[in-house]
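Take the sequences, apply the hints, and build the full model.
Respectively, the protein sequence lines represent chains A and B.
Under numbering that gives the first Met the number 0, the first residue of the first sequence is numbered 0, with each subsequent residue one higher.
Under numbering that gives the first Met the number 0, the first residue of the second sequence is numbered 0, with each subsequent residue one higher.
Quick caveat, the hints were computed from the structure, so don't treat them as lab data.
Do not take every clue at face value.
Stated by the list, open to error - From the derived model, a few chain A residues whose C-beta atoms are all more than 12 Å from chain B:
no., residue
1, A13
2, R35
3, P154
4, Q200
5, K204
6, A209
7, P213
8, W217
9, A237
10, G271
Claimed, not checked - For lysine to aspartate or glutamate, the following DMTMM-like pairs were computed, each having C-alpha atoms within a straight-line distance of at most 25 Å:
no., chain 1, residue 1, chain 2, residue 2
11, A, K139, B, E44
12, A, K132, B, E43
13, B, K139, A, E43
14, B, K139, A, E44
15, A, K132, B, E44
16, A, K132, B, E85
17, A, K139, B, E85
18, B, K132, A, E43
Positions of the beta carbon are idealized from the N, C-alpha and C atoms, including for glycine.
2 protein chains.
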Amino acid sequence: MADKVTINDIARLAGVSKATVSRVLNRKPDVDPATRERILHIIEEQSFVPNMAASGLAGGQSRLIGVLVPSLTWHFIPYIIRGVAEAVAQTSYDLVLYSMNDLEQDKSDALARILTTKLTAGLLGIVPGQSAKYVTRLHKHGMPIVIIDDQIQPPAHIPWVGVDNLSGAYTAVRHLIRLGHRRIAHIRGPMRNLCCQERHQGYCKALQEAGITPNPEWILDGDFTSEGGEIAARKLFALPPEKRPTAIFASSDPTAYGIISAAEEAGVRIPGDIALVGFDDLETSAYIRPGLTTIRQPFVEMGRKAMELLFSMLNTQPLSKQPLLHQPFGAANQTESEPVRVYLDTRLVVRASCGASQGPQSFAQAV
Amino acid sequence: MADKVTINDIARLAGVSKATVSRVLNRKPDVDPATRERILHIIEEQSFVPNMAASGLAGGQSRLIGVLVPSLTWHFIPYIIRGVAEAVAQTSYDLVLYSMNDLEQDKSDALARILTTKLTAGLLGIVPGQSAKYVTRLHKHGMPIVIIDDQIQPPAHIPWVGVDNLSGAYTAVRHLIRLGHRRIAHIRGPMRNLCCQERHQGYCKALQEAGITPNPEWILDGDFTSEGGEIAARKLFALPPEKRPTAIFASSDPTAYGIISAAEEAGVRIPGDIALVGFDDLETSAYIRPGLTTIRQPFVEMGRKAMELLFSMLNTQPLSKQPLLHQPFGAANQTESEPVRVYLDTRLVVRASCGASQGPQSFAQAV
DNA sequence: TTGTATGCGTTATCAA
DNA sequence: TTGATAACGCATACAA
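This is the structure in structure tokens:
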């Protein structure tokens, strides 16, 4: 295995200049089909791979995609990343993970590095949170950027991928109403997050449509964690039986887990005494008892879709993995202008926590 | 924000040559403390960040660590990555994720890129599997490499991080024996994996120590999945009651989940009729009912430890995040030679699936 | 259609 | 202790 074969070696072997080799490497149209073919074969023969650093330096398109991830503690981040990895695997790009550990300092550092170094062709910001302003700045500087974020109002004009939280919540509560419930509580997530506000709105909308007035006593605040859910649920279960709700819509699956614990503790049966719907559909929700009826967020698909969106924005096209030999050349940059805001569908997943399902509501569609 | 400030700008501003700036950037000892200080301040003032591509090209140490990950479908991979990210966050390195999607082609491609491109300072191979041979080759070529792998016998001399599967399994089965069980079944994982062989050995060892002869009828093969566990468990539950085991040691947590399902289906109560111990301690295991007693693998710590090991191997030291100004210079490369094989402790986590715990065995130590 | 020459930002090798 | 200067491997005008 020749330790390092460069573009020069290829050029020499092919009897051309390295400029020509560079041209076929970058899919320039102006090169003789015959020579291209010849060069291509030599490239394959030598299993030559261009040096990223060099092409990056020389101003060429980099093959690196930066991914900003919040500390991997959020449950769903790995799923998003899985989707991202799947999409990237189809291309010749690689992933650079910038994981932000809450510290403001770190963020600006990493971002500065991205800014300065021309090494990344694009950026995917997953719940950028505090670093949103850096991301925005990068976007202004022309860096192709896509964000996945449900915490804040997505900045205008920055491509964004997410779900419709309002309709998801609406679907969840509609499900409960169709099962006959009218006393429905809601344990919310941190209301500074846009998604929590939207889920709350969806909850209210479903109730109002059914002619039900939301009862403030049944709207409690959680924090997306099991602990938060447990604490809030205890308050509900401490209510005298006649003042208790018959169903709860939790703003997240972990919140629902906490509710289940609190119910066990209080001798409240689920779904016997109280029906429960969550929001997320984490893997655990299929195993927990009772199985959790919940709104599925397509995390993997979100990651994949976001990457596809990002690729469509890169001026050079994704370059599938076996590109040099078997791809059509020439006019290939007809990337259709994608929408800058992609809403993925949520889906109701029915399990045991609402009791026997009565009818075909298992795949009720988000409106 | 000056769009790109280079080493030349710093040199000009400091009234020195870029060679000198480069020296302080790379912590060379031979530079006047006064000049160093001056340059350092200007660097900070300009928030200058060296261009990775350029330094990579010029032969300097890259600040990129390659991480080979199998498709993110394995449950524990995200946890390992979390640990990796934590360790990397302490340094000025960044992470490049190479996710291998089973396809042999992809692997050699990615590896070749790593090999050719001098961009990555080191490599962490997580369960490299088929690409193990490439990894070995890279190691021979002098690339600093650490692997986390429980599938095969770790190649000699390649630093390795993992757990002691034998003693973990031993601890699990000892726990069951101490609870009074003597009819203990084992649903194994794919036996081509080293870890599965070791867990099986630990199972046998514990039984033999207690004077129990393993019953071949109670040793079944699973495949680490819930489905596999369910299928195997059904066979066990199909046995006439007097020939059934009273306890099961599952080779993985998902396997245990499958056993729980099969038990529900067969009307077998856990822990009433059968005690159950798993291996992994995935997050789900705390929520599933009954709560799963299991052997905890310290995934996050594995990732962190592996990175620390890798950093200790890089000839230049990890360079903490605020290095240029507040770090001691000079003789800094006294990286103590770390052991090349790091075994992390597993731990017994007691939950409900084995019945009421009787005594202080909750934190029984691996031998 | 192809080749030549120059530059990208940094490190390393010399001298000074 | 410092400063020129030559690589590093590739992309891109500009010529031919």
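Against the structure, the hints come out as follows:
{"no.": "1", "hint": "A13", "verdict": "holds (18 Å)"}
{"no.": "2", "hint": "R35", "verdict": "holds (21 Å)"}
{"no.": "3", "hint": "P154", "verdict": "holds (18 Å)"}
{"no.": "4", "hint": "Q200", "verdict": "holds (29 Å)"}
{"no.": "5", "hint": "K204", "verdict": "holds (31 Å)"}
{"no.": "6", "hint": "A209", "verdict": "holds (32 Å)"}
{"no.": "7", "hint": "P213", "verdict": "holds (29 Å)"}
{"no.": "8", "hint": "W217", "verdict": "holds (25 Å)"}
{"no.": "9", "hint": "A237", "verdict": "holds (23 Å)"}
{"no.": "10", "hint": "G271", "verdict": "holds (15 Å)"}
{"no.": "11", "hint": "K139/A to E44/B", "verdict": "holds (23 Å)"}
{"no.": "12", "hint": "K132/A to E43/B", "verdict": "holds (21 Å)"}
{"no.": "13", "hint": "K139/B to E43/A", "verdict": "holds (24 Å)"}
{"no.": "14", "hint": "K139/B to E44/A", "verdict": "holds (23 Å)"}
{"no.": "15", "hint": "K132/A to E44/B", "verdict": "holds (21 Å)"}
{"no.": "16", "hint": "K132/A to E85/B", "verdict": "holds (23 Å)"}
{"no.": "17", "hint": "K139/A to E85/B", "verdict": "violated (30 Å)"}
{"no.": "18", "hint": "K132/B to E43/A", "verdict": "holds (21 Å)"}
Violated hint for the displayed structure: number 17, the only one.
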